[in-house]
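Colleague: When you get a sec, could you build the whole thing from the sequences and use the hints?
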Amino acid sequence: MTAAAPARDAGEDAPLAASLTRAPWTWCAQPFPHVVARNVFVPAVQAQLEAAFERVYAEFALRAAAAGNERAARRYDADIVPFTEEHLGMFPVLLDAAFHRVLARVLDVRATGDVDGGIHHHAPGSATGWVHNDLNPGWFAPSDRAVNLPDHARSGYKSGRALDGTMPVMRVRAAALIYFLGNGPWQDGDGGETGLYAREQQRVGEPSKRIAPADNSLLLFRCTPHSYHAFLSNVRRARRSIILWLHEDVSAADARWGRGSLVGWG
Amino acid sequence: MSAGADAPVCLLTGAGGRLGEAILRANGDRMQFLAVYRTRVPQAPSQLSASFDPLDASASPRSGRARTYAVQADLRERDAVRRVVEIALARYDRVDHVVNAAADSAFYGSTLEAHGAADELAEQLLLNCLAPALLASEVARAFWRERADENRALRRSVVNVSSVSGLNVYSGTGQGGYSASKAGLQFLSCHMAADYERIGVRVNALAPDRFPGAVPTEAVADAVTTLLGNDANGKVFVVDGAGLRPLN
Chain A
1 MTAAAPARDA
11 GEDAPLAASL
21 TRAPWTWCAQ
31 PFPHVVARNV
41 FVPAVQAQLE
51 AAFERVYAEF
61 ALRAAAAGNE
71 RAARRYDADI
81 VPFTEEHLGM
91 FPVLLDAAFH
101 RVLARVLDVR
111 ATGDVDGGIH
121 HHAPGSATGW
131 VHNDLNPGWF
141 APSDRAVNLP
151 DHARSGYKSG
161 RALDGTMPVM
171 RVRAAALIYF
181 LGNGPWQDGD
191 GGETGLYARE
201 QQRVGEPSKR
211 IAPADNSLLL
221 FRCTPHSYHA
231 FLSNVRRARR
241 SIILWLHEDV
251 SAADARWGRG
261 SLVGWG
Chain B
1 MSAGADAPVC
11 LLTGAGGRLG
21 EAILRANGDR
31 MQFLAVYRTR
41 VPQAPSQLSA
51 SFDPLDASAS
61 PRSGRARTYA
71 VQADLRERDA
81 VRRVVEIALA
91 RYDRVDHVVN
101 AAADSAFYGS
111 TLEAHGAADE
121 LAEQLLLNCL
131 APALLASEVA
141 RAFWRERADE
151 NRALRRSVVN
161 VSSVSGLNVY
171 SGTGQGGYSA
181 SKAGLQFLSC
191 HMAADYERIG
201 VRVNALAPDR
211 FPGAVPTEAV
221 ADAVTTLLGN
231 DANGKVFVVD
241 GAGLRPLN
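Taken in sequence, the protein lines are chains A and B.
So in this note's numbering, the last one in the first sequence is 266, and the numbering has no gaps at all.
So in this note's numbering, the last one in the second sequence is 248, and the numbering has no gaps at all.
Some clues are possibly wrong.
[To be verified] Below, in silico cross-link-like pairs of lysine to any residue (SDA-like), each with a Cα-Cα straight-line distance of 25 Å or less:
no., chain 1, residue 1, chain 2, residue 2
1, A, Lys209, B, Ala7
2, A, Lys209, B, Arg38
3, A, Lys209, A, Pro24
4, A, Lys209, B, Asp104
5, A, Lys209, B, Arg25
6, A, Lys209, B, Arg40
7, A, Lys209, B, Ala106
8, A, Lys209, B, Ala142
9, A, Lys209, B, Tyr92
10, A, Lys209, B, Gly28
11, A, Lys209, B, Arg18
12, A, Lys209, B, Gln43
By construction, these hints were calculated from the structure, which means they are not laboratory data.
Modeller: Written as structure tokens, this is what we have:
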């Protein structure tokens with residue numbers, strides 16, 4: 001780093017600069033390269049994100065109650081509301097292309113603009129997850145939008161099935177972001193961390209590193225064959241987070257990781 | 001701001017612990033550190049961890065040469081001591097200070113039941129009492145031994161972080177093993193001071209009260225900094241709510 005004034009992403013990213021605090025982010029090498037940051041957004045943006053989360057989750061909970069309260073994810077013990085076009089205006093910064101460009105630059109990813117994600121709510125006592133790397137494929141209906149979220153009416157994100165006659169494009173998850181919010185003061189023993197692992201066969205309860213779900217903090221990493229991570233049971237309090245995956249071309253992933261490295265949806 | 005290439009080099013153990021992190025924070029702008037950790041990577045900027053401005057398009061978080069170099073090692077293993085000294089000298093060409101802050105702080109119970117914790121007690125004694133002496137001795141063998149005048153001129157030193165548990169008996173707390181390891185470290189420090197005087201290296205022990213409860217961790221780190229820079233030798237210092245003072 002230089003002490004001189006940095007060459008900032010200026011102009012179109014000025015609103016982004018106003019949304020971020022000046023707190024530095026931290027790059028860490030172990031157990032696999034990742035970035036952590038605390039005090040990420042200014043209070044007004046943090047409050048907007050928390051309010052949007054609560055609104056979306058409340059609507060989901062009502063629908064889930066009416067439908068018998070089935071969990072959105074089978075292996076992953078959480079309520080998930082995937083982002084769709086209707087959420088674009090609700091989650092400032094997080095669903096903006098300018099922010100995604102910063103994330104892509106930090107991780108050296110050639111992102112396509114195709115983005116999957118959603119809000120995740122782990123009720124207290126949610127089960128610990130499994131060690132996985134997120135190097136998965138995803139299919140998107142073509143779009144000219146700067147941020148192209150999955151359109152579940154047109155194609156299946158995980159299946160690649162064309163639902164409206166338009167052939168979806170296969171992409172690969174290249175960057176994963178977890179932003180934690182609305183969890184209140186977190187203490188050792190509360191659980192709900194994201195565990196990071198050096199190898200796939202490591203015991204899920206014995207991660208190499210634990211990332212606490214502190215409010216207004218984030219975990220960011222490139223999805224690689226070795227980006228092993230898992231949700232760890234939240235013993236005392238609900239754990240709220242927003243997840244984003246930036247995607248890249250299949251050819252880029254194949255070139256970098258080798259053909260056959262992608263993990264299919266089981 | 002980080003220290004320049006001519007800044008003193010400190011070999012710090014326990015760098016990933018609460019005190020180690022505080023020592024790195026307090027001295028990162030004036031020293032270069034070979035930061036030895038066993039399980040938790042130090043958060044201070046190093047080749048394993050670096051802070052950056054996400055909006056600074058000109059800088060990569062991995063660019064630059066960090067002045068702290070983090071090395072994973074279990075100092076209870078015989079080869080680890082030699083290895084970390086080799087790495088320190090390979091990277092910095094010198095070692096100016098050794099701060100032994102690594103410790104097993106567990107209380108393994110009543111001495112009446114020591115028979116059930118023989119392995120743990122032996123490992124604790126090795127890490128808390130013997131490893132500091134072995135590490136300093138290895139630095140002396142590899143670098144300090146033939147440089148007495150230079151050592152005196154540069155005020156090279158060793159600080160062994162002990163505990164008030166090595167000075168007092170806290171009955172009924174099950175900390176006999178820990179207490180003995182720290183008491184041993186204090187006596188060993190005084191013997192080291194006598195032995196190292198010939199090669200111009202000062203050796204002192206620091207016995208902090210419980211931190212961060214009874215004394216702020218930053219105050220203990222500041223006390224370490226003070227002992228690295230003053231002329232004390234062969235002393236056991238206490239740092240508690242009343243401040244820093246020598247006992248002998």
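Colleague: Does each hint hold? Answer for all of them.
Modeller: Structure-based check of all given hints:
Between A:Lys209 and B:Ala7, the direct Cα distance comes to roughly 31 Å. Violation of the 25 Å bound is thereby established for this hinted pair. Proximity of A:Lys209 to B:Arg38 is assessed by CA-CA distance (about 13 Å); at most 25 Å being required, the pair is judged to hold. With a C-alpha separation of about 20 Å, the suggested pairing of A:Lys209 with A:Pro24 holds against the 25 Å cut-off. For the hint linking A:Lys209 to B:Asp104, the alpha-carbon distance of about 20 Å falls within 25 Å, and the restraint holds.
The suggested pairing of A:Lys209 with B:Arg25 holds, with an alpha-carbon distance near 21 Å, which does not exceed 25 Å. For the hint pairing A:Lys209 with B:Arg40, the CA-to-CA distance comes to about 8 Å; that is within 25 Å, so the pair holds. Among the hinted pairs, A:Lys209 with B:Ala106 is consistent with the structure: their alpha-carbon atoms are about 21 Å apart, no more than 25 Å. The hinted pair formed by A:Lys209 and B:Ala142 fails the criterion: a straight-line CA distance of about 34 Å is larger than 25 Å.
In summary, the hint linking A:Lys209 to B:Tyr92 is not supported, as the alpha carbons are separated by about 29 Å, beyond the 25 Å threshold. Straight-line distance between C-alpha atoms of A:Lys209 and B:Gly28 comes to about 24 Å, which keeps the hinted pair within the 25 Å bound. At roughly 16 Å between alpha-carbon atoms, A:Lys209 and B:Arg18 fall within 25 Å of each other, so this suggested pair holds. About 12 Å separates the Cα atoms of A:Lys209 and B:Gln43, which keeps this hinted pair within 25 Å; it holds.
Consistency with the previously given hints fails for numbers 1, 8, 9, ordered from lowest to highest.
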